[in-house]
Amino acid sequence: MSDLKKIKNELLLKLKSKLNLSEVNQMKSDLFGKNGLVSSQFKKIGTIAETERKKFASELNIIKDELQDLINLKIKEIENEEIREKLQKEKIDITLPERPFVRGKIHPVSQTIDEISSIFSEIGFSVEEGPDVESEYNNFTALNTPENHPARDMHDTFYLDEKKERLLRTHTSPVQIRTMLKDKPPFKIIAPGRTYRSDSDQTHAPMFHQVEGLHIDKDINMGHLKGCLNYFIKEFFELDKIKMRFRPSHFPFTEPSAEVDIGYEMKDGEIVIGEGDQWLEILGCGMVHPNVLRNVKVDPIKFQGYAFGMGIDRLAMLKYGINDLRAFFDCDYRWLNHFGFDPLDVPTNYRGLSR
Amino acid sequence: MKITFDWLKDHLKTNLKEKNLLEQLTNVGLEVEGVQNLSSDKELFTVAKIIKTIKHPNADRLKVCDVDVGEKEFKKVVCGAANAVEGLITVYAPPGSIIPKTKTKLVVAKIRGVTSYGMLCSESELNLSDESDGIIELSSGYKKIIGKSYFSKSKSNLIDLSITPNRPDCLGIRGIARDLAASGFGKLIDFKKKKIKSNNRHSLKVKIKKEKNQGCSIFGSCLITDVKNTESPQWLKDKLISIGQKPISAIVDITNYVMFDLNRPLHAYDADKIEKGIIVRNSKSGEKFTALDNKDYKLEDGMCVISDHKGVLGLGGIIGGTRSGTELDTKNILLESAYFKPGSIRTTAKKLNLDTDAKFRFERGIDPLSIEDGLNKAAILIKEICGGKISKIDVKKIETHKTKKIKFDINLVEKVAGFKISTKEIFKILENLGFKFKKKKFFFELTVPSWRPDITQEIDIVEELVRISGYDKISIIDPIKKRKKSTLNKSQKLFHFLQRSIASKGYLEAITWSFTDSNYNNYFRDTKKEIKIVNPISTELDVLRNSIFSNLIIYMNKNLDRGFKDLSIYEIGPTFTGSRPGEQNTVVCGLSSGKKSRLSWIEKERNVDVFDVKKDVVQTLIEAGYKSEEFFIDNKTPNYYHPGKSGRLFLKKNENLVAAYFGEIHPNIIKKIDMKTESLVGFEIFLDNLKLSVKTLNDQKNKFNVSDYQKSERDFAFIINKDVNAQDLINAIASVDKNLISNIKVFDVYEGDNIPESQKSIAISVTIQSIEKTLNDNELESITKLIIETVENKTGAKIRS
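Those protein sequence lines, which keep their order, are chains Y and U. If you're matching positions, the first sequence starts at 1 in my numbering and goes up one per residue. If you're matching positions, the second sequence starts at 1 in my numbering and goes up one per residue.
Hints are supplied without guarantee of correctness; some may be wrong.
[To be verified] Below, in silico cross-link-like pairs of lysine to aspartate or glutamate (EDC-like), each with a Cα-Cα straight-line distance of 20 Å or less:
#, chain 1, residue 1, chain 2, residue 2
1, U, K484, Y, D183
2, Y, K297, U, E458
3, U, K276, U, D226
4, U, K558, Y, D277
5, Y, K163, U, D748
6, Y, K218, U, D478
7, U, K212, U, E287
8, U, K481, Y, E235
9, U, K17, Y, D277
10, U, K565, U, E603
11, Y, K182, Y, D217
12, U, K532, Y, D161
13, U, K212, Y, D217
14, Y, K64, Y, D30
15, U, K482, Y, D217
16, U, K484, Y, E129
17, Y, K302, U, E414
18, U, K485, Y, D161
19, U, K691, Y, E129
It is worth saying that the hints were derived from the structure and are not from the lab.
Make the full structure from the sequences, and use the hints.
Following this line, the structure appears as C-alpha cells:
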C-alpha cells in the first residue's frame, strides 16, 4: 500500500505547483494510462494473496477515485482560470454610451383625452365623434341658438361659405345633435374633439379641444349631473378632497344651466387645486333644453337629462402645470418632449390615470 | 354691467354686508367678474385748476404747470397734454396715489430735470373711458369743489357683473335688486311712480310707418320746452362716476341715469332741429347720417331709422345723430322712449359694426311696458334740474304687447332639480320675481312679467326657482359604475392603437391647426380641392388643410431652425376634402428628418430613408392586426413624394383604397421652402381606408399549428431586369407551395460588375419545411427545381450559376 500512498503524496505535491492543462493531462496518463502507475497497481491484484486481495482492491479503488477527483478538480480549476483570463482581456469601457435610441411621446392633450375617456368609461359613457366642419343648423339652430341670438356673439365663428351655412364647429355640442338624431334614447356619451373660434391671443387659440357629455334617460336630474361631475373632477385631478361649486349661468341649449368652479389656492406662484378659497371656472353644464330635445325628435315629457362641456386643453394645463395654451400647438420639440407622455403610459382604470 | 352697493340700495333694503352681496350675486347667476375699490384708491384724485403754465426748459412738448389743488401753495406739475392750458379745471393725482389704468404708484419725480409733484390725469388713466388724448376737461361748475375728491365719497366699490344674454332686465340696477330680494337678500323698495301731470300739448307729430319688418313697434315721447341744459347736480355726477361713467350735461346724464337704473334707454333730441315731425321708418340704401360718435354711416335698405322730413336723425335704439343732438344751449327737447325689436337692432348693428349701451339692451329685449315709466322719471328730473315745461306723453304703437301666460306644474321642479321646494316657497319666489299666478285644476297659470323676454315655457320657471333657491340645494347623486355599451368602437380603438404605436417608434406627437397656409397647402394638395376659410384669423391660416404634411413641415422647419437635426414628429387628425360636414379623413402623418445614429461612437450614421418610414408603416399595420403577406405595394404616389423613392400600400392586392403612402418628400418642395436637412421622409396612414374586421383580433388568428419537422434553408441568386420588383420574385416563390415554403427573405441586392447594366442580382433565402414529415433529399431537390423554374417563367429571371 505504501506505493499507493507515495503516488498520492507525489501527486498532491505536483498539483500544488502551477500547471497548464497539458501537464495535468500528462500526469493523468502517467497515472491512469495503459502502463500508468495506478493502472499497473490494478494489474497486481491477481498476484496478491487471496486474504489480502479484497482489502487491497478496495483500497486501490478508493485511492484511484481520490486521485481522479483531484486531477479533475485541477483541470476544472485551470479551465476556469483560462476563461477568467480570457474574459479579463476582453474587458471594455462599460461607461461608453449604449447604442442610440429615440423615444416618442404622446401629446398632453391626447393623454388627457384618454384620461377623460377612461374616467367616463367607468361610469358607463361611450365615446362619440362628429365632423369638424358643421352646418350652421347643427352648431347653433338645433341647439336652441337661433340666428340673431346674442349668445352667438360669444362664439367667434370661422365660416366656409359666404352664406354662413358651413362653419368650423365652435363647440362639441353638435355631436349631441348628431347622436340623438342617429339613435334612440337613452343616451350616455362623451364627445371629445377639436373646436374652433376665430380669436387668438395669449389665452385663446383659434383651435382648442372640448369634451361634451350627454346623459338622457327617463329620470336623470340635476343631482345626477352634480354627482357625475363631482366624480369626474375628483378622479381627474386624482384628489380625494376638492371643492366644487355650481352656480347659475345661461347657455341656450341647457336649462337650468350652471357653471362649475373648483377650489384652488396659489402656492409659490402655482395653482394648487383642492380646498383653497379661490374659485376657478372649469366647465359649463345644465339640463338639456326641451327645445333641443324636440329638435332631435326626443319627447321632453318622457326623457330628460344633462349635458356638459369642458375645455380639455385647460384641464391639461391645470393638471400638468402648463402655463401657456399657445404652446400646445406650437410643436416645439423641447416642449413636446418635456410635457409629452410615454406611449406605454396608457391611462386605464386598473393601473390608474398616471404614474 | 357695473353697479355699486350704494346704488343698489336705492332699490333694495338690506342690512347685509358687501361680502354677502358678492356671494349672493354669484349664487343667483349674476356672476361677479371683478370688484374695484374706488373709494379708498380714488379719494386722492382731486379737482384742480391750472393757474399758470410755462414751457419746460428741457423739453418742447412738456409744460410746467402751477396747479391749484385747494391747498395754500400751488403744486408744480409737469404735463405733456396739449390741452393743459391756464384756467383749465381737471383732475389731479398726488404722489402716493395709484393710477387705476397702469396700477402704478405715483412718486415725486424729476422729469427732464424739473421736479413734478403728481400728475394731471386723462380719462383713460382713470379708467373712465378710452379717451387718452389730453387731460380731463371739467366744466366751470367744478370750480366750487377744487381740492375736493373728484370721485364720489361713497365707500361703495365698483362691482363688475357678467350678465348672461338672457337677462336684459338685469342690465338695470332695479332688476338686479329684484333678483336679490327674491333670493332673500333684503327687500325690494317700492318704486315711487311719479307721473307727469300736464295738459300741455305735444306739438311734434310722430309717426311709425307700417312697413314690412318695421323694427320699432312703440314710440313714446314727450316735449320739454324752455329748459336750461346745465351741468348735473353733484349727486347725479357722483352716481354716474361711481359706475365709471363720465358726466356730460344734465339732459344726457339723466337719460343715462334712467337707463342704468331701470334698464330703460331714452334718447333726447333738440326739438328745434327736428324738421316738422318724427317718422320712424326703414332706411333706404344709400342714406347717410353722422352719428353721435362723430362717424358717418351709410345705410342699407331696411334699417330702422328715426327721421324727420329732411332725412335720417338716428338709428333707432342704437345711436342718435349729431344733427339733432342736445347741447348746452338746447332749449326744447323731445324725449324718446321706444321699443325696438331685438332682431332688427342686432342685424343693423352687426352690419354697421356698431356697439352702444342702448343697442346692447335693445338687442336683448327691453321691457315694452316701461315706456311711460321711463319718460315720467326722466322728464320730471329734467324739469327739476333744467326747468321747463313738460308736454303730455304721446305713445304711438303699431303692435300691442301680449302678456305671456305659462301653464306650470309644480312637480316639474323636483323632477328636474332632484330636490323639493315647498309650494309656499315656490310662490313666494315667483311673486318676488314679478310673476302673477292663478290656480287651475291641474296646474297653475303664470303671468310672466313684461321685463322677462327670456321666459317662454315651463322649464324657464323651473330655472328661476332652482336659481333663486340656490344650486347648493342640489344633492349629489353618485354615478353608478355600470357599462352597457363598450366605451370605444372599433375605429376609435384603432385610432388609439395607431396613435401610440407610431409614438412607440420614436415619433413625438404634435397637434397642429386644422387650417394651414395656402402656400404650403398647395405643395401637398395634389389633386384635392382648396377649401378657403371666409374669415381667417390671418393669411397664414387661410385654408383647411388637405394634408397634415403642410403643418408638420412648417413646424419641422422651425425646429430645425432651433438647431435640432434628427427629428421625428407625427400627428393624427383630420384632413379635409371638401367644405361639407363629413368631407374629412382621419390620417396619421409622420415626418422624419436628418440622420440615424448621428455622431455615434458605435453605430454607423446614415440618412433616414424611405425604408425607415416603410418599416414604421408596415410594422404599425402589422401590430394593428393586418396581415403583411397580403400587403400590396407599388410606386404610384401623390406628387409631393419623390417619384422614385416612395410607395403606396394596399392591405390586399385588389383593394382600391390606399392604406398608406410613404417615401421621401419631393426634393423640389424641400428646396422651395428652404429646408436645411440631409434627408426628409414621411408617411401617411389613412384610418378610414383600413378595413375594420367584425371579428375580434383573437378570432382572426389561425389555429396554433407549428411543425417540429426539420426545416431546410436554400439560397437562390437570380439575375433579372432592373424594372422587375423584388416583390414579384417573392410572390413567385410563395406561389410554388404554400404548405412547404414557410419563409422568404431577400438578403442581398447587387448591381454592377459581372452583371449586365440593365440587370440586377437578387439573393433570396427560402425556408422549406413540411408540417407532415421530414423532407428527404429528393423532395428538397424537386422543390428547389420547381422554385427556380417558376421564378424564371414568371419573372424572366435567370438563376445565377
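Okay, the hints, checked on the actual structure:
1. U:K484 x Y:D183: Holds - the C-alpha atoms of D183 (chain Y) and K484 (chain U) are around 15 Å apart, at most 20 Å.
2. Y:K297 x U:E458: Roughly 19 Å between the alpha carbons, so the hint for K297 (chain Y) and E458 (chain U) holds.
3. U:K276 x U:D226: holds (18 Å)
4. U:K558 x Y:D277: violated (42 Å)
5. Y:K163 x U:D748: Outside the cut-off at roughly 61 Å; violated.
6. Y:K218 x U:D478: holds (17 Å)
7. U:K212 x U:E287: holds (18 Å)
8. U:K481 x Y:E235: Roughly 13 Å separates the two Cα atoms, so the pair holds.
9. U:K17 x Y:D277: Answer holds: K17 (chain U) to D277 (chain Y) is near 19 Å, not above 20 Å.
10. U:K565 x U:E603: holds (17 Å)
11. Y:K182 x Y:D217: Distance ~16 Å between K182 (chain Y) and D217 (chain Y) Cα, so the pair holds.
12. U:K532 x Y:D161: holds (8 Å)
13. U:K212 x Y:D217: At roughly 44 Å apart (the allowed maximum being 20 Å), D217 (chain Y) and K212 (chain U) break the hint.
14. Y:K64 x Y:D30: Holds. K64 (chain Y) to D30 (chain Y) sits at ~13 Å (cutoff 20 Å).
15. U:K482 x Y:D217: holds (15 Å)
16. U:K484 x Y:E129: Status holds; Cα separation ~19 Å.
17. Y:K302 x U:E414: holds (15 Å)
18. U:K485 x Y:D161: Judged against 20 Å, a Cα distance of about 38 Å means the pair is violated.
19. U:K691 x Y:E129: holds (19 Å)
Of the numbered hints given earlier, the model fails hints 4, 5, 13, 18; all others are met.
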